[in-house]
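*Asks:* Given next are the chains, with one letter for each unit.
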Amino acid sequence: MTNSNEQNGVAGEDVVDEIDKFAELPDVPPKRKLKLSWVGRIASGIVIFWLVIAAVGPWVAPFHEMDMDGDDSFLDAHTNEYGTFYLGTDYLGRDTFSRVIWGARMTIGISLAATLLAYALGITLGIAAAVKGGWVDMIISRMNDAILALPSIMLGLIAIAAFGSSIPILIIIAGIIYGSSVFRIARALGLDIMVQDYVEAAKARGEGIWWIIRSEVLPNAAMPLATDFGLRLVFVVLFISSLSFLGLGVQPPAADWGSMVRENLAGLTYNSWASVWPAFAIATFTISINLIVDDISAKSGGSLAKKMV
Amino acid sequence: MNENTTEKLLEVKDLRISAYNDEKQEIPIVKGVTFDIYKGQVVALIGESGSGKTTISLASLSYTKPGLEFTGGQVLLNGEDMLTAPPLRKREIRGANAAYLAQSAAATFNPAITIGEQVTESAVLHGILSQEEANKRAVELYYALELPDPDRIGFRYPHQVSGGQLQRLMAAMALCGKPDLMVLDEPTTALDVTTQIEVLKAFKKVIHEENSAAIYVTHDLAVVAQIADYIVVLYSGEIMEQGTAEQIINNPTHAYTRRLMEAVRPKPAAGLGTAVGAEHTRDIPALAVKEMTAGYGGIINGEPAVTILRDINVAVDNAHVVGVIGESGCGKSTLARVMAGLLPPARGDVELEGVKLAGGLQERKLSELQKVQFVFQMADTALNPKQLIGNIIGRPLEFYHGLRGKEKHAKVSEILKMVELPPEFANRYPMELSGGQKQRINLARSLAANPEVMLCDEVTSALDSIVGANVIKLLTALRDKTGVSFVFISHDLSTVASFADEIVVLYAGRVVEQGPADEVLEPPFHPYTRLLISSVPELRIGWLEDTMQKREMAVGIAKSVEIKATGCPFYNRCPLGIDGTCEQKTPPIRTLENGHQITCHLTVDQLTEAEQHTQKILHGFEKLEDKSLNAGA
Numbered sequence: 000m001t002n003s004n005e006q007n008g009v010a011g012e013d014v015v016d017e018i019d020k021f022a023e024l025p026d027v028p029p030k031r032k033l034k035l036s037w038v039g040r041i042a043s044g045i046v047i048f049w050l051v052i053a054a055v056g057p058w059v060a061p062f063h064e065m066d067m068d069g070d071d072s073f074l075d076a077h078t079n080e081y082g083t084f085y086l087g088t089d090y091l092g093r094d095t096f097s098r099v100i101w102g103a104r105m106t107i108g109i110s111l112a113a114t115l116l117a118y119a120l121g122i123t124l125g126i127a128a129a130v131k132g133g134w135v136d137m138i139i140s141r142m143n144d145a146i147l148a149l150p151s152i153m154l155g156l157i158a159i160a161a162f163g164s165s166i167p168i169l170i171i172i173a174g175i176i177y178g179s180s181v182f183r184i185a186r187a188l189g190l191d192i193m194v195q196d197y198v199e200a201a202k203a204r205g206e207g208i209w210w211i212i213r214s215e216v217l218p219n220a221a222m223p224l225a226t227d228f229g230l231r232l233v234f235v236v237l238f239i240s241s242l243s244f245l246g247l248g249v250q251p252p253a254a255d256w257g258s259m260v261r262e263n264l265a266g267l268t269y270n271s272w273a274s275v276w277p278a279f280a281i282a283t284f285t286i287s288i289n290l291i292v293d294d295i296s297a298k299s300g301g302s303l304a305k306k307m308v
Numbered sequence: 000m001n002e003n004t005t006e007k008l009l010e011v012k013d014l015r016i017s018a019y020n021d022e023k024q025e026i027p028i029v030k031g032v033t034f035d036i037y038k039g040q041v042v043a044l045i046g047e048s049g050s051g052k053t054t055i056s057l058a059s060l061s062y063t064k065p066g067l068e069f070t071g072g073q074v075l076l077n078g079e080d081m082l083t084a085p086p087l088r089k090r091e092i093r094g095a096n097a098a099y100l101a102q103s104a105a106a107t108f109n110p111a112i113t114i115g116e117q118v119t120e121s122a123v124l125h126g127i128l129s130q131e132e133a134n135k136r137a138v139e140l141y142y143a144l145e146l147p148d149p150d151r152i153g154f155r156y157p158h159q160v161s162g163g164q165l166q167r168l169m170a171a172m173a174l175c176g177k178p179d180l181m182v183l184d185e186p187t188t189a190l191d192v193t194t195q196i197e198v199l200k201a202f203k204k205v206i207h208e209e210n211s212a213a214i215y216v217t218h219d220l221a222v223v224a225q226i227a228d229y230i231v232v233l234y235s236g237e238i239m240e241q242g243t244a245e246q247i248i249n250n251p252t253h254a255y256t257r258r259l260m261e262a263v264r265p266k267p268a269a270g271l272g273t274a275v276g277a278e279h280t281r282d283i284p285a286l287a288v289k290e291m292t293a294g295y296g297g298i299i300n301g302e303p304a305v306t307i308l309r310d311i312n313v314a315v316d317n318a319h320v321v322g323v324i325g326e327s328g329c330g331k332s333t334l335a336r337v338m339a340g341l342l343p344p345a346r347g348d349v350e351l352e353g354v355k356l357a358g359g360l361q362e363r364k365l366s367e368l369q370k371v372q373f374v375f376q377m378a379d380t381a382l383n384p385k386q387l388i389g390n391i392i393g394r395p396l397e398f399y400h401g402l403r404g405k406e407k408h409a410k411v412s413e414i415l416k417m418v419e420l421p422p423e424f425a426n427r428y429p430m431e432l433s434g435g436q437k438q439r440i441n442l443a444r445s446l447a448a449n450p451e452v453m454l455c456d457e458v459t460s461a462l463d464s465i466v467g468a469n470v471i472k473l474l475t476a477l478r479d480k481t482g483v484s485f486v487f488i489s490h491d492l493s494t495v496a497s498f499a500d501e502i503v504v505l506y507a508g509r510v511v512e513q514g515p516a517d518e519v520l521e522p523p524f525h526p527y528t529r530l531l532i533s534s535v536p537e538l539r540i541g542w543l544e545d546t547m548q549k550r551e552m553a554v555g556i557a558k559s560v561e562i563k564a565t566g567c568p569f570y571n572r573c574p575l576g577i578d579g580t581c582e583q584k585t586p587p588i589r590t591l592e593n594g595h596q597i598t599c600h601l602t603v604d605q606l607t608e609a610e611q612h613t614q615k616i617l618h619g620f621e622k623l624e625d626k627s628l629n630a631g632a
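Respectively, the protein sequence lines represent chains A and B. Just so you know, we're using numbering that gives the first Met the number 0 here: the first sequence kicks off at 0 and counts up by one. Just so you know, we're using numbering that gives the first Met the number 0 here: the second sequence kicks off at 0 and counts up by one.
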């Protein structure tokens, strides 16, 4: 207490001066910046690690993904004249360590591309539905409901059966399927923002719809959507991996975490870890993203988490 | 007051609460506050927003909002230190001894559970009463709080009662467990004057009967004068002055208390407004609404599915301020929305400088939109949180006037100066400003369009009295400087009286009285105007009791609005209503001098006579014989 003389009604001599001291007080205490907890920091470390591996994998991996240089299939870690097999070999005698590194590029690359496509589709249609309303909203929403009503794996299987399995087709299918969930969120956020007074003020000013979307809606939807991007990426990774596990995703001999789990499943009976390592890679990547998202939504008072159901 | 007043219930000793910023620096919020509460005493914490009054009231229940920490002092409830008690014990103490009433009852009640269940829940949960005892007690409280149909109101759902009733039901919820201490956080701030009076009366009665102590948090000194025994004046987390209500109200010593008292606006009366300078007068009204009916839903034969406004005629002269008053739900905001083009009218016209405007926004020309600007009530939601102030104010400049780059920048600084803010604010986000500053930015954005008419929808209602008074000062200065006209919507009569040149009184979607401010605020009144004026609290101890003696209060308070197509809508609350006429025939418009109009079945002479009777009642507290008056009609 610095000005204790002000207490208990000691009036100042110069009332005017006294009054000027009582400036308007700010409403809220200073805003706190986002800081991750130690769990969040470890998780971001893991995610960054995998992203780096995906980017530089082919240059750091000791073997090419297709080199069958191992002495035999399902061997434990060993060294031969070609090099060291740190995590042993797979069912064709290929280096598991190198294939996990190569697979990072394939799995994360396809998932990222598919998630970006899902976002492009979902945000465009979602904001359009929210802004236009009426029959536009009705048509897009009902078509979206139809996609959401079908189990995603089932829908993926049917689409692959119809169009065949190649990397572009996988990306498009995953993009459309997960775009429908993004649509839901984008539309809900859009509806929420469209009824705010600041949008009404822009309308009363006579602003065009594009300006309103660009300057009022998108900046306010960006943060929740960005947080959701992480979660959506996890779903796509799991979706692509599941398809690959069923043999319908990434085709051999390309390395991909999901297909690696399936290929080496037989090795489990020989006490081989070849199918465990790619599974471990999927788990660390997806769980870490989840932990980061949890951390962010906890720090923002849970309001983000609520919007992302 | 009663035998228990000597016993201390709560002692707050040198309480300190702080927040921490990113650099782990301590920001003190409450800086050593000491006061006591005795049993059966109502202690008011008053101050502006940011003064720490809510933080202190919550701290008395040993609670802080997230991000805040207790850094020192003691809070003793019945001699037990609440701050150091283990969490489970705290819960026990709160459940058994304390209750908290939040500002908004509508947000506190669960819409899916009956009122009775919610009122009794806490007392039963903490094992204070059995469900049967609690139910019985709840009904007793409904009687004490003078709620309608007390035996059965508990079976209703929250949406089936009015806002004022819900606020009183929240008091029943708080009192059900017989708490020693109640914390009331701005319980009447969001209410209309007429509803506020009804809630205040019930609170005061029940607190007295139950002999419980209360902390009453508010910025409104006039309300405090009615209900508090002891007043603590706070500024920026420190006590400026404390003392009994009589001492603080009648004899304030601290400069800040005096400043709070100055901000209490005088009783609405004639002659408070300022006259318009002659240089701004013109022949055609800047904005006029003619024979307008509006509402929501599909329109069939010029009648909307839900009619909100009926046959409205309002003219806004250049550089004039037209105050629109009435209780919530009377159609004030709808009128402004029709004027702005946000809601096309079902029938009738809106004219700008004598030229008919299209109903909807899309059909209006850009120059027409520019001339009529809408200012929203809540600056918090009307300003995009992701835009810089410079962009918020700069956009209308760019959009209507094509200003860019340096030119725009210079004009933004100029406009910020007009609303008395420094030009550096252009680089801040709305979050970084105080409530009053945000409201200034909200006005500045409309001002940037260089409009002819500004439609201000309750722009001071969410602000503290001091900050609100400053905004009004600013608006008056703007009017004098630029000649802009205002449509000023408010449920706060005192503010309107101090600012408006003309007043329109709306009731249930119809104009019941309109004319120059000085004429409307002087007798003869429409009975509804009289009710509104009598309901504005005065900064005087004992005002509440005096007012409740008045005839219009007995009839007009605690009755809900009925929206009808025929007859006078005010009939069911009118002390002068004529049975057989008022509820059946639409009242005629009586025109007095200076364009003053009263819509009533009673003639001007009869209204004047009623006024004289009311004066008599005011002084003598006797009941008026309504029949003698009605016989004349």
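Treat the hints with care, since some could be wrong.
[Claimed, not checked] Below are the DSS-like pairs computed for lysine-lysine, each with C-alpha atoms no more than 25 angstroms apart in a straight line:
1) B:416 / A:34
2) B:480 / B:416
3) A:34 / B:480
4) B:64 / A:131
5) B:410 / B:355
6) B:64 / A:34
7) B:364 / A:131
Simulated from the structure, these hints should not be mistaken for lab results. The structure displayed is predicted, hence computed values, not measured ones.
*Asks:* Hint by hint, note whether the structure agrees.
*Replies:* Quick rundown of the hints versus the structure:
{"no.": "1", "hint": "B:416 / A:34", "result": "violated, 37 angstroms"}
{"no.": "2", "hint": "B:480 / B:416", "result": "holds, 13 angstroms"}
{"no.": "3", "hint": "A:34 / B:480", "result": "violated, 49 angstroms"}
{"no.": "4", "hint": "B:64 / A:131", "result": "violated, 40 angstroms"}
{"no.": "5", "hint": "B:410 / B:355", "result": "violated, 31 angstroms"}
{"no.": "6", "hint": "B:64 / A:34", "result": "holds, 19 angstroms"}
{"no.": "7", "hint": "B:364 / A:131", "result": "holds, 22 angstroms"}
In this structure, the earlier hints numbered 1, 3, 4 and 5 are contradicted, and the remaining ones agree with it.
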